[in-house]
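Put together the whole structure using the sequences plus the hints.
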Amino acid sequence: MLDQRPMARTNDVTDEEEKQFKAAEPVSFVLYNLKDDIGETKDLSAAEPDKFADMKDKLLKKYHAVREESPTWPAWTFDNREGQRIVWPEYVKNRGKGKGKGKKGAK
Amino acid sequence: MQSHRTLLALLSAVLFGTAALNSVAAERPNIVLVLADDLGYGDLACFGAQDIKSPNLDQFAKQGLRLTSCYAGHANCSPSRTALMTGRTPTRVGVRNWIPHGSPVHVRKEEVTIATLLKGAGYSTCHVGKWHMTGQFNEPGVPQPGEHGFDHWFSTQNNALPNHRNPDNFVRNGEAVGQTSGYSAHVVVDEAISWLRVGRDKSKPFFLYCCFHEPHEPIASSPNYTRLYPHDDPSYSAHHGNVTQMDDAFGRLMRSLAEQKLDGNTLVFFTSDNGPAITNQHPHGSAGPLRDKKGFLTEGGIRVPGMIRWPGKVKPGTESDTPVCGVDFLPTVCQIVGIEPPKDRTLDGTSIVPVFSGE
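Read top to bottom, the protein sequences are chains D and R. When we follow our numbering, the leftmost residue of the first sequence carries the number 4, and every step to the right adds one. When we follow our numbering, the leftmost residue of the second sequence carries the number 869, and every step to the right adds one.
Source of the hints: derived by calculation from the structure; they are not laboratory data. Don't take each hint at face value.
Said to hold, decoys possible - With a straight-line Cα cutoff of 27 Å, these simulated DSS-like cross-link-like pairs (lysine-lysine) come out:
no., chain 1, residue 1, chain 2, residue 2
1, R, 1181, R, 987
2, D, 64, R, 1181
3, D, 65, D, 25
4, D, 96, D, 61
5, D, 25, D, 61
6, R, 1129, R, 987
7, D, 38, R, 930
8, D, 38, R, 1183
9, D, 61, R, 1211
10, R, 1129, R, 1211
11, R, 930, R, 1129
12, D, 22, D, 59
13, R, 977, D, 65
14, D, 64, D, 54
15, R, 1072, R, 1129
16, R, 977, R, 1072
17, D, 25, R, 977
18, R, 1181, R, 1072
19, D, 25, R, 987
20, R, 1211, R, 930
21, D, 22, R, 977
22, R, 1211, D, 65
23, D, 45, D, 61
24, D, 22, D, 61
25, D, 22, D, 45
26, R, 1211, R, 987
27, R, 930, R, 987
See the structure below:
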């Protein structure tokens, strides 16, 4: 989880979001042992502080390098032009939930 | 005498040099990368699905190496594909989320894709299916599949539209194709087979990047496949049938490679771009025992089926739980082909060739 979250999640590219991205810092971390816990149910960050600190350090180093290198993009407003072209099968229309015009549009 | 000796040396250099080049060329394998769309870790019989029929991929698994800790480069489509093509963590490249049609986001010209590297090394290259590495698809000013190294491309910006049935949004080498006939996985494989038979330069090895639209929404499945899954909920039959639709098309591609006697010296890597979507309309995908789904950085979002078939090099019926990732594809292929990965930028992947022999 990052410390700066956009006010509303949209598919727009906004100057504010691009600026936030360049400054956002991870603030919440968990540690799982996938060998014993493939379903990621038990957070081991408190039980294994050394392992946790080591992996967190590696993650943050990579995160900062990647964030630094990433280009940003000019502002753009999502128009769902793809979503508007979708023809859903009858059973989806009859399903009552979502008709392809959900707020997130097509993915 | 001196001049004769020089001539002899030159001659032998030419002869042996050519022979050496030919033998390298003969050994260099063809590379096929097949990508499913939103296929979860638990969505194939060979990865534990109880209720999905995937006979072709199950057989494929028996012929090669099953990767049980295979990670997509991201939890959704555009960044995951960017990782496969560039060997770089997609945020580094600026692709941080799915790219809607019209968006300025794209994989920039200065990025070096595996297709560009292989083309430069003398490969004939082709992309078929979903591209999703630019919002401004088939528009001037930003690179299209052709500018990212593909000699031949038959591609869509994102999903097949209006759905998988008779899609009308393919572009072939810059020209809109218009309405096609059939279901997307078969339309895509038809193009791939046609390119393999008559399109490619047969004096060269080839790289085929085959990106299915299935089982991503908007789903449309042929009755040939939905009838395999009788169920009260037609969405269930459609989703599972959609996986089988892809599996059947994959089987056609593999049989065509065999018929053309190309399967022996061809490395085929099958994987998915991210975990299962599990939407309101189609909640029937599965991440198996993993937590969460597409869009999450927990295992269900990023751990995907992975399989490699390469006769003589990868032992049939083997399995590895060594973690591998989409960013590893570029450096792995570079090692196999004997070319240098780009040195002027950070690559996040590493060659997984040692995994082939169980190391």
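Consistency of the hints with the structure:
At roughly 23 Å between alpha-carbon atoms, residue 1181/R and residue 987/R fall within 27 Å of each other, so this suggested pair holds. A distance of roughly 36 Å separates the Cα atoms of residue 64/D and residue 1181/R; the hinted pair therefore is violated under the 27 Å criterion. Our distance criterion of 27 Å between C-alpha atoms is met by residue 65/D and residue 25/D, whose separation comes to about 14 Å. Simply put, residue 96/D and residue 61/D have alpha-carbon atoms about 47 Å apart, too far for the 27 Å limit, and the pair is violated.
The suggested pairing of residue 25/D with residue 61/D holds, with an alpha-carbon distance near 19 Å, which does not exceed 27 Å. Of the supplied pair hints, the one linking residue 1129/R and residue 987/R holds, its CA atoms being roughly 22 Å apart against a limit of 27 Å. A threshold of 27 Å between alpha carbons decides the hint, and for residue 38/D with residue 930/R the separation of about 24 Å falls inside it, so the pair holds. For the suggested pair residue 38/D and residue 1183/R, the alpha carbons sit about 25 Å apart, so the restraint of at most 27 Å is met.
In summary, the hint linking residue 61/D to residue 1211/R is supported, as the alpha carbons are separated by about 22 Å, within the 27 Å threshold. For a cut-off of 27 Å, the pair hint linking residue 1129/R to residue 1211/R is broken: about 36 Å separates their Cα positions. Distance hint between residue 930/R and residue 1129/R is fulfilled; the C-alpha atoms sit about 20 Å from each other, no more than 27 Å. Of the supplied pair hints, the one linking residue 22/D and residue 59/D holds, its CA atoms being roughly 24 Å apart against a limit of 27 Å.
A C-alpha spacing of about 24 Å is found between residue 977/R and residue 65/D, which places the hinted pair at or below 27 Å, so the restraint holds. At roughly 16 Å between alpha-carbon atoms, residue 64/D and residue 54/D fall within 27 Å of each other, so this suggested pair holds. The straight-line distance between the Cα atoms of residue 1072/R and residue 1129/R is roughly 15 Å, inside the 27 Å bound, and the hint therefore holds. At roughly 25 Å between alpha-carbon atoms, residue 977/R and residue 1072/R fall within 27 Å of each other, so this suggested pair holds.
Restraint check for residue 25/D and residue 977/R: satisfied, since their Cα atoms lie roughly 22 Å apart, inside the 27 Å limit. For the suggested pair residue 1181/R and residue 1072/R, the alpha carbons sit about 21 Å apart, so the restraint of at most 27 Å is met. Proposed proximity of residue 25/D and residue 987/R is contradicted: the alpha carbons are some 35 Å apart, above 27 Å. With a CA separation close to 37 Å, the supplied pair residue 1211/R and residue 930/R exceeds the 27 Å bound.
For the hint linking residue 22/D to residue 977/R, the alpha-carbon distance of about 23 Å falls within 27 Å, and the restraint holds. Our distance criterion of 27 Å between C-alpha atoms is met by residue 1211/R and residue 65/D, whose separation comes to about 18 Å. Taking the CA atoms of residue 45/D and residue 61/D, the gap is about 21 Å. The hint holds against a cut of 27 Å. Between residue 22/D and residue 61/D the CA atoms are separated by roughly 24 Å; this keeps the pair inside 27 Å, and the hint holds.
Simply put, residue 22/D and residue 45/D have alpha-carbon atoms about 35 Å apart, too far for the 27 Å limit, and the pair is violated. Proposed proximity of residue 1211/R and residue 987/R is supported: the alpha carbons are some 18 Å apart, at most 27 Å. Between residue 930/R and residue 987/R the CA atoms are separated by roughly 31 Å; this puts the pair beyond 27 Å, and the hint is violated.
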